[in-house]
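**Student:** Order-wise, the sequence lines are chains E and R.
Note that the working numbering numbers the first sequence so that position 67 is 67, with each residue one more than the last.
Note that the working numbering numbers the second sequence so that position 62 is 244, with each residue one more than the last.
Keep in mind the hints are simulated off the structure, nothing from the lab.
The model shown is predicted, which means the values in this text are computed figures rather than measured ones.
Hints may contain errors.
[To be verified] Non-contacting residues of chain R with respect to chain E, defined by C-beta distances greater than 12 Å in every case (computed): (1) L215; (2) T219; (3) R222; (4) G223; (5) V231; (6) S253; (7) G259; (8) V261; (9) S292; (10) H296; (11) P300; (12) H303; (13) L307; (14) R309; (15) G314; (16) K315.
[As the list claims (entries may be wrong)] If we take Cβ atoms under 8 Å as the criterion, some of the chain R residues that face chain E in the derived model are: (17) V220; (18) T319; (19) V321.
Where a beta carbon is used, it is the ideal one built from N, C-alpha and C, also for glycine.
If you want the building blocks of each chain, they are given just below.
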Amino acid sequence: MTPGFADPVADSQACFRTILDVMARPGHVRSVSGITAPAPLCDAAAAVLLTLLDHETPLWLDPEAEAARPWIAFHTGAPHGASFAMALSLPDLTRFPAGTDEMPETSATIIVQVASLTAGRAYRLEGPGLRQPAVVRIAGLPDDFASIWQRNHALFPRGIDLILCAGNTLTALPRSVSVTKA
Amino acid sequence: MDAPRSARQRWMSVLARADTGVLRRLLNQRAPLPAYTVLRGPEGGLAMVRGRAGGGGAAFNLGEMTVTRCSVSTEAGFVGHAYIQGRDTARAELAALADALMQDPLQAESIEKHVIAPLEHQQALKRAERAGKAAATKVQFFTMRTMRT
Numbered sequence: 001m002t003p004g005f006a007d008p009v010a011d012s013q014a015c016f017r018t019i020l021d022v023m024a025r026p027g028h029v030r031s032v033s034g035i036t037a038p039a040p041l042c043d044a045a046a047a048v049l050l051t052l053l054d055h056e057t058p059l060w061l062d063p064e065a066e067a068a069r070p071w072i073a074f075h076t077g078a079p080h081g082a083s084f085a086m087a088l089s090l091p092d093l094t095r096f097p098a099g100t101d102e103m104p105e106t107s108a109t110i111i112v113q114v115a116s117l118t119a120g121r122a123y124r125l126e127g128p129g130l131r132q133p134a135v136v137r138i139a140g141l142p143d144d145f146a147s148i149w150q151r152n153h154a155l156f157p158r159g160i161d162l163i164l165c166a167g168n169t170l171t172a173l174p175r176s177v178s179v180t181k182a
Numbered sequence: 183m184d185a186p187r188s189a190r191q192r193w194m195s196v197l198a199r200a201d202t203g204v205l206r207r208l209l210n211q212r213a214p215l216p217a218y219t220v221l222r223g224p225e226g227g228l229a230m231v232r233g234r235a236g237g238g239g240a241a242f243n244l245g246e247m248t249v250t251r252c253s254v255s256t257e258a259g260f261v262g263h264a265y266i267q268g269r270d271t272a273r274a275e276l277a278a279l280a281d282a283l284m285q286d287p288l289q290a291e292s293i294e295k296h297v298i299a300p301l302e303h304q305q306a307l308k309r310a311e312r313a314g315k316a317a318a319t320k321v322q323f324f325t326m327r328t329m330r331t
């Protein structure tokens, strides 16, 4: 067992602000600090979990990440469910709640650990928060990610929000953003 | 890794009631404090204390009490927890450390002998003294029933 944030209050507030920023500006890559993640999670994913989860936010944990379960349970107390999901590779998005037209906020937010946010396949992002289309490079998503994402984007206002983490960096793809291969 | 529940409950409750100064002295007297990592806290919070009037009354919220908790991990990998009444963070940290050491088979016997047993003895004496003082003030109500028997 390892500790969570070095400075629980300041670090989780800083991480929350970072998550807000990347959600508001899809594709922008930011970094987090103050944490040493338990294997197999990366630092950014661990920081997001500690920031967003508590005993009232059900979490689905990738079976591949089972080794991190005691750490997550100790620091957050999150029950089983799927308000949030932590995955080491992109899961089937249709298996998660996408919300309803009346209550779109009941959809799942999925935290996906990827290989890199600076190298890899290029994607073109368009939508709210982006004055001009942005290009983001992501390594570790499936080859047909753009079409998977377009199906999710088409559900708007329903749909899944993604937080992508690699090392100590993170970026977000909210359901409102449109993704095409660049 | 988990010790049987009742045994652990016993030493955790003894540690939670211990006086900070005495606990620190007893732990240091045995051997220098081992290195450990603080996993969480020590941090303060509130716990709702619930009560029940009589045997059949419905539960009600009596009030909130201050609680301080701490969790530490020793180098041997044992995780100790402490939840204590009040705001004494140093006591919570020492109690969590002692709980971790009690789970370590190499340390448990020595901690039990030098820390837990003396504390428990002292607490029992204190409780007996209080009970004795209270018993001396007890008023016997001679009701019809007690007078007959």
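**Student:** Hint by hint, say whether it matches the structure.
**Tutor:** Checked hints:
No Cβ of chain E comes within 12 Å of the Cβ of L215/R; the nearest lies about 18 Å off, and the non-interface call holds. A cut-off of 12 Å between C-beta atoms contradicts the statement that T219/R is not in contact with chain E; the least separation is 6 Å. Remark: the non-interface label on R222/R conflicts with the geometry, its nearest Cβ contact in chain E lying 7 Å away (cut-off 12 Å). Non-interface status of G223/R relative to chain E is broken: a Cβ of that chain comes within 12 Å, the nearest being about 9 Å off.
For V231/R, the non-interface assignment is confirmed: its Cβ lies about 20 Å from the closest Cβ of chain E, beyond the 12 Å cut-off. Interface exclusion of S253/R from chain E breaks down, the closest Cβ pair being 8 Å apart, not more than 12 Å. The Cβ of G259/R sits about 8 Å from the closest Cβ of chain E, inside the 12 Å cut-off, so the non-interface label is violated. With a minimum CB-CB distance of about 5 Å to chain E, V261/R fails to clear the 12 Å threshold, and the non-interface call is violated.
Even its closest Cβ contact with chain E, about 24 Å, leaves S292/R beyond 12 Å, as expected for a residue assigned away from the interface. Every C-beta of chain E lies more than 12 Å from that of H296/R, the closest at about 26 Å, which supports listing it as non-interface. For P300/R, the condition that its CB be more than 12 Å from all CB atoms of chain E holds, with the nearest at approximately 29 Å. Every C-beta of chain E lies more than 12 Å from that of H303/R, the closest at about 33 Å, which supports listing it as non-interface.
For L307/R, the non-interface assignment is confirmed: its Cβ lies about 37 Å from the closest Cβ of chain E, beyond the 12 Å cut-off. The beta carbon of R309/R sits about 34 Å from the closest Cβ of chain E, which is more than 12 Å, so the claim that it is off the interface holds. No Cβ of chain E comes within 12 Å of the Cβ of G314/R; the nearest lies about 43 Å off, and the non-interface call holds. At roughly 42 Å, the least C-beta separation between K315/R and chain E is larger than 12 Å, which holds for a residue marked as non-interface.
Residue-level restraint check for V220/R holds (minimum Cβ-Cβ distance to chain E is 7 Å; threshold 8 Å). Taken as an interface hint, T319/R does not check out: its beta carbon lies about 45 Å from the nearest beta carbon of chain E, beyond 8 Å. A hinted interface residue such as V321/R counts as satisfied when its beta carbon comes closer than 8 Å to some beta carbon of chain E; here the least separation is about 47 Å, so the hint is violated.
When held up to the earlier numbered hints, the structure conflicts with 2, 3, 4, 6, 7, 8, 18 and 19 and fits the remainder.
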